[in-house]
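Asker: What the sequence shown shows, in mature numbering (1 follows the signal peptide of the UniProt record, and there is no 0), is residues -19 to -1, 1 to 232, in sequence order.
Since the hints were made in silico from the structure, they are not lab data. Only a predicted model underlies this, so the values are computations on that prediction, with no experimental measurement involved. Keep in mind that a hint or two might mislead.
[To be verified] Below 30 angstroms or equal to it, Euclidean Cα-Cα: the simulated DSBU-like pairs (lysine-lysine) are:
#, residue 1, residue 2
1, K48, K26
2, K32, K8
3, K32, K48
[What the hints assert, rightly or not] Label pairs and their computed distance ranges (CB to CB):
#, residue 1, residue 2, range
4, E20, D52, 11 to 21 angstroms
5, D49, K8, 11 to 21 angstroms
6, T67, E98, 11 to 21 angstroms
7, T62, K32, 15 to 25 angstroms
No residue lacks a Cβ here, since even glycine has one placed at the ideal position from N, Cα and C.
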Amino acid sequence: MGKAELLVSFLLCISAVHAADHVVGDKNGWLDILVDYTEWAAGKKFVVGDKLIFNYDTTHDVAVVDKDGYDACIASTPPYTGGKTTITLTSPGLKYFICTISDHCSAGGMQLPITVEAGPPGGSTPTTPPSPSPSSTPPPSHIPPAPSSSSTPPTDSVPPSPIPPSDIPSPSPSSIPPSDTPPSPRPPSIPPSGIPPSPSPSEFPLLDLVPTPSPLQSPPTDGGVAGSFGSMNPILIGFSLISATLFAFMG
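Generate the whole structure from the sequences, applying the supplied hints.
Answerer: Put into structure tokens, the structure is as follows:
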């Protein structure tokens, strides 16, 4: 199907939705020669797609004419007969209708002029368009319900303040473990230099300072004094030297 056909179909659908049915003469129909049909049409609005319904009997007919045929009450085309005629308004502009029987048009006033508009009908209530199929309806977006006025607005949660670290107590000296480092050795005491103090005479009795010759000591040999000293006990030699020194100091 071409685009033009689609457009025509679309316009026809719109016309069908907004179309209105107008019964000419209302309850009097297209029968009474005493009805002023011009006045009847003056309070109505006709648009493309509307329908005119003529209700009449066998003593009347309906003919569509132009302005000249309307003024002269002469139809150039065969009229509609049958007792009921429905005419669809397919184009905008002035439209004229008459009854061709005898002098019903000229003397009875069975003439109907209307103006057809291209817009939607204003005097009639448009038909509600059909609801779209569920498949073409987009899913409704989820709208969260509005909070009620009585509900308490959420308060901003305040994170708990961090607890400051407590001061770490310094370990007492007694809690400090002893070091594995061995103590430094004390330097050996150095005896004071110089001459040792002289002992008192009472500390060294004179008799004790004289060495007693050993009975086993052999007589001195020809070696002289050196030989005598060489054969003496080293301890005795030491005491002898100390005694000699004391005697020299005391003398």
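Asker: Are the hints correct? Go through all of them and say.
Answerer: A quick look at each hint next to the structure:
The suggested pairing of K48 with K26 holds, with an alpha-carbon distance near 20 angstroms, which does not exceed 30 angstroms. Proposed proximity of K32 and K8 is supported: the alpha carbons are some 16 angstroms apart, at most 30 angstroms. For the suggested pair K32 and K48, the alpha carbons sit about 20 angstroms apart, so the restraint of at most 30 angstroms is met. Distance hint check for E20 and D52: the Cβ-Cβ separation is about 18 angstroms, which falls inside the suggested range of 11 to 21 angstroms.
Range check, D49 to K8: Cβ separation about 32 angstroms, and the 11 to 21 angstroms hint is violated. Taken as a hint, the range 11 to 21 angstroms holds for the pair T67 and E98, whose Cβ atoms sit roughly 20 angstroms apart. With their beta carbons about 18 angstroms apart, T62 and K32 fall inside the hinted range of 15 to 25 angstroms.
In summary, the one numbered hint that this structure violates is 5.
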